[in-house]
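Colleague: Residue-level listing of the chains:
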Amino acid sequence: MAINSADLAARVAAAVPSSGAECFVTPGDGAIEIAAAAVVDVVRFLRDDPDLALRLFLDVTAVDYQDSRGQIELIYVLRSMVSGERVLVKTRVDAAAPRVATISHLFAGANWAEREVYDMFGVHFEGHPNMRRILLYEEFQGHPLRKSYPYQKRQPLTPERDPIADPWPKKR
Amino acid sequence: MSDDKARESAGAQFRKAEATAADPLSEIMELQMGPSHPACHGTIKFHLRLDGENIIACETEVGYLHRGFEKMCEQGTWNQAIPYTDRLNYASPLINNFIFCEAVERLCGIEVPERASYMRVLLSECARISDHLTCLGMGATELGAFTVGFYMNEARELLYNMSARVTGARVTVSYGRVGGLARDVPDDFADMIRAAIKRTNEVLRDSEKLLERNRIFTDRMVGIGLMSQEQALSFGLTGPLLRATGIAYDVRKAAPYMVYDRMDFEVPVGTKGDNFDRFAVRFEEIKQSIRIVEQCLAQMPGGPVIADNAAYVLPPKKDVYGSIEGLMNHFKIIVEGIRVPAGEIYFSGEAANGELGFYLVSDGSGRPYRVRVRPPCFYGMSALETMVKGYMIPDLAAIFGMVNMIGGECDR
Chain X
-4 MAINSADLAA RVAAAVPSSG AECFVTPGDG AIEIAAAAVV DVVRFLRDDP DLALRLFLDV
56 TAVDYQDSRG QIELIYVLRS MVSGERVLVK TRVDAAAPRV ATISHLFAGA NWAEREVYDM
116 FGVHFEGHPN MRRILLYEEF QGHPLRKSYP YQKRQPLTPE RDPIADPWPK KR
Chain C
8 MSDDKARESA GAQFRKAEAT AADPLSEIME LQMGPSHPAC HGTIKFHLRL DGENIIACET
68 EVGYLHRGFE KMCEQGTWNQ AIPYTDRLNY ASPLINNFIF CEAVERLCGI EVPERASYMR
128 VLLSECARIS DHLTCLGMGA TELGAFTVGF YMNEARELLY NMSARVTGAR VTVSYGRVGG
188 LARDVPDDFA DMIRAAIKRT NEVLRDSEKL LERNRIFTDR MVGIGLMSQE QALSFGLTGP
248 LLRATGIAYD VRKAAPYMVY DRMDFEVPVG TKGDNFDRFA VRFEEIKQSI RIVEQCLAQM
308 PGGPVIADNA AYVLPPKKDV YGSIEGLMNH FKIIVEGIRV PAGEIYFSGE AANGELGFYL
368 VSDGSGRPYR VRVRPPCFYG MSALETMVKG YMIPDLAAIF GMVNMIGGEC DR
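Here the protein sequences come in this chain order: X and C.
Heads up, the first sequence is in the numbering used here, so the first residue is -4 and it goes up one at a time.
Heads up, the second sequence is in the numbering used here, so the first residue is 8 and it goes up one at a time.
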């Protein structure tokens, strides 16, 4: 069964009416956009529906659109174990206080993926069992993949030494 | 039978007596393993809770090699991201290069010449062989089988030499370009590959004999680190880790890209999802990759290796120095970058460790708005906590070896 975005959006909208599912265009994949409050229900439907069988978890990631729309987009990527096709599920949250429910109880892999999104974008996943940073260290301030985070900013844990002005003591 | 029962109950009584006595050894011990440990393929930390030598809980800490890959990709042009992709999986950099280029090309909607596609498949499979040789050789070395490690390194060395001859670098290749390849391959290319394959076949034969019935090896492999199909799917395991559980899922078959649809090869699967299956799947995949390489060499078409498209591809040097249009074109592409049409794409291919996905967002300017890489071994590492539970510390080294965590890719 080929997954068609429009068809998929209709099925999701029928199964989870609160999702307000609509399709969007991306080359090669089935893609739908849903309301943030319906993420858990939609992902559960996509996973358990026998025709779709999107049982392989692939990814959760985000894109920062704070400057243009004041939003952060979250993208959930799943793959069908029936047809081998991939589906992107997109939702938007407010960039000022981004919050969304976790899907880590539906897919074990989402545990680390959501931690990374939290680490990099500051999106808080409600109900996540271990909402901590994953790639960066605990003391890190800010969320570096936000567009507002300057890429040259440094946050050393120990003061950095200028090797020219303050050279390593020479051996006698 | 009655004797056995008597002995069993005596043993049970002894254990009961042992448990009630205040034995300091029965306490749960916490052990920090890493971040720097000989059995850790990169810098990684395991926070273990141990009952004797048995692992009852493991918490994995990754991120020591985080270099801000995704943030840095947003700072340069699309082509400037290619060298960063080399540094993702440094055991098979060519695959990363090509999958990234393929993703950008699909976003731009440009066609790659046939020869470039064949060359990409050929070099990807060589990279896959060298990645698997690294993983298997090091995995065996960690269990004491140094000979296998050295044999496999020897075969890998021939592939690295080939890579150096073709791309100019052993690891930091940067050979892919949006639209094709940086340059055509040298004349002795096919001979180098054939020599490397000949040696690889010999090495596989020898290693199989050394390991197959070796107790030290099989005791740490067979039935260790079990993972069910449901768990594997839920954790997002792909590649050899998923196939070891018996699911014949390979991106090269499920959604063929480049010219994989013209290749005749099989997808080896395991039965139980243990360490040995992971080893055996990689072992068989090397043989399948060799088949693909041979088909590519036989079918290799002639022609250009990069698309003739002035909007995305640098003009030939003859035009840059010989005409004002060529010079301007070169300047525009270098300074402003290629103008990838606004849009988004998720593209994935089969890297040596599993499904390597790129989610690219372009806003129509010369720079990527967002580059997300889906690293296969990041999810493998997240499943490691479940995989090692109930096994022993020496098993941890074996299980970790078969997950084949690559720091550059896991931590980005």
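Careful, some of the hints might be misleading.
Stated by the list, open to error - Reference listing, derived: stretches of chain C covered by chain X, where coverage requires no fewer than 3 residues with Cβ under 8 Å from a Cβ of chain X: (1) 74 to 83; (2) 406 to 412.
Said to hold, decoys possible - Pulled from the structure, derived: some chain X residues nowhere near chain C, Cβ distances all over 10 Å: (3) Ala9; (4) Ala10; (5) Glu17; (6) Ala31; (7) Ala32; (8) Asp36; (9) Asp43; (10) Gln66; (11) Ala91; (12) Ala103; (13) Gly117; (14) His123; (15) Pro139; (16) Asp157; (17) Ala160; (18) Asp161.
As the list claims (entries may be wrong) - One side of the interface only, derived from the structure: several residues of chain X facing chain C at Cβ under 8 Å: (19) Arg64; (20) Ile70; (21) Tyr113.
Keep in mind the hints are simulated off the structure, nothing from the lab.
For glycine and all other residues, C-beta sits at the position ideal for the given N, C-alpha and C.
Colleague: All hints, please: hold or fail.
Modeller: Checked hints:
Note: the stretch 74 to 83 of chain C has 6 residues with beta-carbon separation from chain X under 8 Å; the three-residue rule is met and the coverage holds. Note: the stretch 406 to 412 of chain C has 0 residues with beta-carbon separation from chain X under 8 Å; the three-residue rule is not met and the coverage is violated. The beta carbon of Ala9/X is kept farther than 10 Å from every beta carbon of chain C, the shortest such distance being approximately 25 Å. Distance check for Ala10/X against chain C: the nearest CB is about 21 Å away, which clears 10 Å, and the non-interface claim stands.
Here Glu17/X stays apart from chain C, with its beta-carbon at least about 15 Å from theirs, past the 10 Å limit. Interface exclusion of Ala31/X from chain C stands, the closest Cβ pair being 18 Å apart, more than 10 Å. At roughly 23 Å from the closest C-beta of chain C, the C-beta of Ala32/X stays outside 10 Å, upholding its exclusion from the interface. Once the 10 Å rule is applied to beta carbons, Asp36/X is consistent with being away from chain C; the minimum gap is 18 Å.
Interface exclusion of Asp43/X from chain C stands, the closest Cβ pair being 13 Å apart, more than 10 Å. Remark: the non-interface label on Gln66/X is consistent with the geometry, its nearest Cβ contact in chain C lying 13 Å away (cut-off 10 Å). No beta-carbon of chain C is positioned within 10 Å of the beta-carbon of Ala91/X; the least distance is around 20 Å. Listed as outside the interface, Ala103/X is inconsistent with that label: its C-beta sits roughly 4 Å from the nearest C-beta of chain C, within the 10 Å cut-off.
For Gly117/X, the shortest C-beta to C-beta distance to chain C comes to about 14 Å, beyond the 10 Å cut-off, and the non-interface label holds. Chain C leaves His123/X outside its interface by the beta-carbon criterion, the shortest separation being 13 Å against a cut-off of 10 Å. For Pro139/X, the shortest C-beta to C-beta distance to chain C comes to about 6 Å, within the 10 Å cut-off, and the non-interface label is violated. Every Cβ of chain C is farther than 10 Å from the Cβ of Asp157/X; the closest lies at roughly 22 Å, confirming the non-interface assignment.
Consistency note on Ala160/X: stated as away from chain C, and its beta-carbon is indeed over 10 Å from all of that chain's, at 26 Å minimum. Listed as outside the interface, Asp161/X is consistent with that label: its C-beta sits roughly 25 Å from the nearest C-beta of chain C, beyond the 10 Å cut-off. For the restraint placing Arg64/X at the interface with chain C, the shortest Cβ-Cβ distance is roughly 12 Å, beyond the 8 Å limit, so the hint is violated. Nearest Cβ of chain C to the Cβ of Ile70/X: about 7 Å, under the 8 Å cut. The hint holds.
Taken as an interface hint, Tyr113/X does not check out: its beta carbon lies about 13 Å from the nearest beta carbon of chain C, beyond 8 Å.
In the structure shown, a violation is registered for the earlier hints numbered 2, 12, 15, 19 and 21, in ascending order.
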